[in-house]
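Colleague: Here's the letter readout for the chains.
Number of protein chains: 2
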Amino acid sequence: MAEKEPLIIREQGSFITGGVIKTTPGKINYENPGDPSGQTLHGDHAYVSYQIPADEPQNSLVFLHGALSSGIAWSMTPDGREGLDTLFLRKGYGVYLVDQPRRGKAGRSTLYGSVSGKTDDQLWYHTWRLGTWPNLREGAQFPEGAQAMDQFLRWMTPNTGDYDEKVIADAIAALFEKLQKGILVTHSQGGGPGWRTAILSNKVQGVIAFEPGSGFVFPEGEVPDPITSLSPFGPLSAAGIPMEEFERLTKLPICIYYGDFIPGEASTDWPQDHWRARREMAVLFAECINRHGGNAKVVSLPDAGITGNSHFPFVEKNNVEIAELMDHWIRENQLV
Amino acid sequence: MAEKEPLIIREQGSFITGGVIKTTPGKINYENPGDPSGQTLHGDHAYVSYQIPADEPQNSLVFLHGALSSGIAWSMTPDGREGLDTLFLRKGYGVYLVDQPRRGKAGRSTLYGSVSGKTDDQLWYHTWRLGTWPNLREGAQFPEGAQAMDQFLRWMTPNTGDYDEKVIADAIAALFEKLQKGILVTHSQGGGPGWRTAILSNKVQGVIAFEPGSGFVFPEGEVPDPITSLSPFGPLSAAGIPMEEFERLTKLPICIYYGDFIPGEASTDWPQDHWRARREMAVLFAECINRHGGNAKVVSLPDAGITGNSHFPFVEKNNVEIAELMDHWIRENQLV
Chain A
1 MAEKEPLIIR EQGSFITGGV IKTTPGKINY ENPGDPSGQT LHGDHAYVSY QIPADEPQNS
61 LVFLHGALSS GIAWSMTPDG REGLDTLFLR KGYGVYLVDQ PRRGKAGRST LYGSVSGKTD
121 DQLWYHTWRL GTWPNLREGA QFPEGAQAMD QFLRWMTPNT GDYDEKVIAD AIAALFEKLQ
181 KGILVTHSQG GGPGWRTAIL SNKVQGVIAF EPGSGFVFPE GEVPDPITSL SPFGPLSAAG
241 IPMEEFERLT KLPICIYYGD FIPGEASTDW PQDHWRARRE MAVLFAECIN RHGGNAKVVS
301 LPDAGITGNS HFPFVEKNNV EIAELMDHWI RENQLV
Chain B
1 MAEKEPLIIR EQGSFITGGV IKTTPGKINY ENPGDPSGQT LHGDHAYVSY QIPADEPQNS
61 LVFLHGALSS GIAWSMTPDG REGLDTLFLR KGYGVYLVDQ PRRGKAGRST LYGSVSGKTD
121 DQLWYHTWRL GTWPNLREGA QFPEGAQAMD QFLRWMTPNT GDYDEKVIAD AIAALFEKLQ
181 KGILVTHSQG GGPGWRTAIL SNKVQGVIAF EPGSGFVFPE GEVPDPITSL SPFGPLSAAG
241 IPMEEFERLT KLPICIYYGD FIPGEASTDW PQDHWRARRE MAVLFAECIN RHGGNAKVVS
301 LPDAGITGNS HFPFVEKNNV EIAELMDHWI RENQLV
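Residue numbers (full-length UniProt numbering), protein chains in the order written: chain A, 1 to 336; chain B, 1 to 336.
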């Protein structure tokens, strides 16, 4: 790694936000400690690790990972370079990395859950538009080599209980209430709970969403039909929510990024068609926000001259350029 | 929090060590991505987050958590003060926090696993000698207040697959092979895989173990009888290993700490008796190491004038003093 300036950190650590307490009826039996009667389980919270730079921070960035991921995705790259957390610390932001409820270090779930152990690396490799295993797509920004791929595939970590957007949004909203202000950065599946967090907490000043893949919301009565595609995950539906909730999304700037290898029209390659459907839904979502007076945009990175990115633009070889792009949007929207 | 000097960090990030690849026989079916045939699962690795101070580090400290925990335990205190990681960064060490295989951010397991959602906070509260719920023990060093307890109980995160000392030791040994040298700090259940890591990798220069509760090893033929107690977990057994493996533990300094509220003789209070048995086994373990020419000691913190600590001395109100004690032992043993 090239020599860089040292990082000057005012404060760092970890903490927990949100969560609920589950209690079994009855009386605690001290002498029979395996008896759940009267005992509690503190669960469904989020884990947060954070760092605040020595100079007065520009603002706070809260990073929410996607499916099968954790705060790990923002704290490293497959080839061992600085993650988005450190890049934004260098730009003067406070950074907050979340493990959402029932994932990673926040694995204590109030529900029964199971982990399959099923071999599915290539399902995700293909879904995430990395290429056709084991070959990366032509012009890919993903770091080359077996070691980088080994690191990347080991980022995956399972749900320890049912995925629940509301549970996640409750915990992240509690974080924003603690911070009092900040910008939410989401990835993929994190998009859905991200919109709901912004609805729950008016301390969310802006949202940057990388490749949201589910959880799109529209005002009741304006929900588009499901978008069909060759995706093995089936048609993509959106949810209807009351207008007074949706309106909150018209009160803050929203920027949605999609990477490369997503065609404008239906494709016979299912990973490309899967994302074609998702970006289509994102465009409808942004149009709906803007129709109601908001400020949302969908950026296809190749249209901005940035090519070769998969579903994980912020960890690829050009992640410094991606961070620049985000920082530019943040400043353009007066969020510092 | 009182104003402190900023931390000056040369390098930080995350990475993965160890792990295996599980493969389902057959050929990958690109068009039927849910078919596991030919697909892999990269799992059973450890997750590591690390920071290296700007000045040439004294040495590296690798922190391995205990049961139901993760790297979280070393990165915060229940009352929001600096964790052991930041305290040792300030002392000039490189710090490496592990989530062991099948725990936390390293939850990708090669095996099927399940999470019960059973209410058992008080089982652990009592086992860890915090007090009789909801009251802390008289003179406890554990931070007071409902908020601190809420944070602490939410540190718990479950196994996503069977607990396996060998799997854990393999992954941590891979970390030491990468670092080339360092000191291993373990807590509770982490003690067992800790000894096995030191046996696997001669890059482990010393071990500090907080309250090891299981996984004690002895040379075959010298294994003591199980120690019975009022513990609900049953009698405490030790494992026999070949002498050539055990001998490795005689080649490096080992320091084992136990906190307060552990009586010298059998107690009618099961949590105290549980730990009485464990400290007794630790004393036999250290005696065995020393009989074979090693350098191991068991320190009961009250004997060193440090009172009030539970099973988690390194996160309690006197954690700065605990860090001083560790640092003193490290220097005394020329490990810097």
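Treat the hints as calculated values from the structure; they're not laboratory data.
None of these values were measured; they are calculated from a predicted model.
Treat the hints with care, since some could be wrong.
Copies of the same chain look alike in the list, so a pair counts if it fits in one copy or across any two.
Said to hold, decoys possible - Straight line, CA to CA, 25 Å or less: simulated DSS-like cross-link-like pairs of lysine-lysine:
| hint | residue 1 | residue 2 |
| --- | --- | --- |
| 1 | Lys4 | Lys297 |
| 2 | Lys4 | Lys118 |
| 3 | Lys27 | Lys4 |
| 4 | Lys166 | Lys4 |
| 5 | Lys22 | Lys118 |
| 6 | Lys118 | Lys27 |
Colleague: Now, for every hint given, state plainly whether the structure supports it.
Modeller: Hint check:
no.	hint	verdict
1	Lys4 - Lys297	neither (34 Å within a copy, 42 Å between copies)
2	Lys4 - Lys118	neither (41 Å within a copy, 48 Å between copies)
3	Lys27 - Lys4	neither (58 Å within a copy, 45 Å between copies)
4	Lys166 - Lys4	neither (41 Å within a copy, 38 Å between copies)
5	Lys22 - Lys118	between (30 Å within a copy, 9 Å between copies)
6	Lys118 - Lys27	between (40 Å within a copy, 15 Å between copies)
Hint compliance for this structure: hints 1, 2, 3 and 4 are broken, all remaining hints hold.
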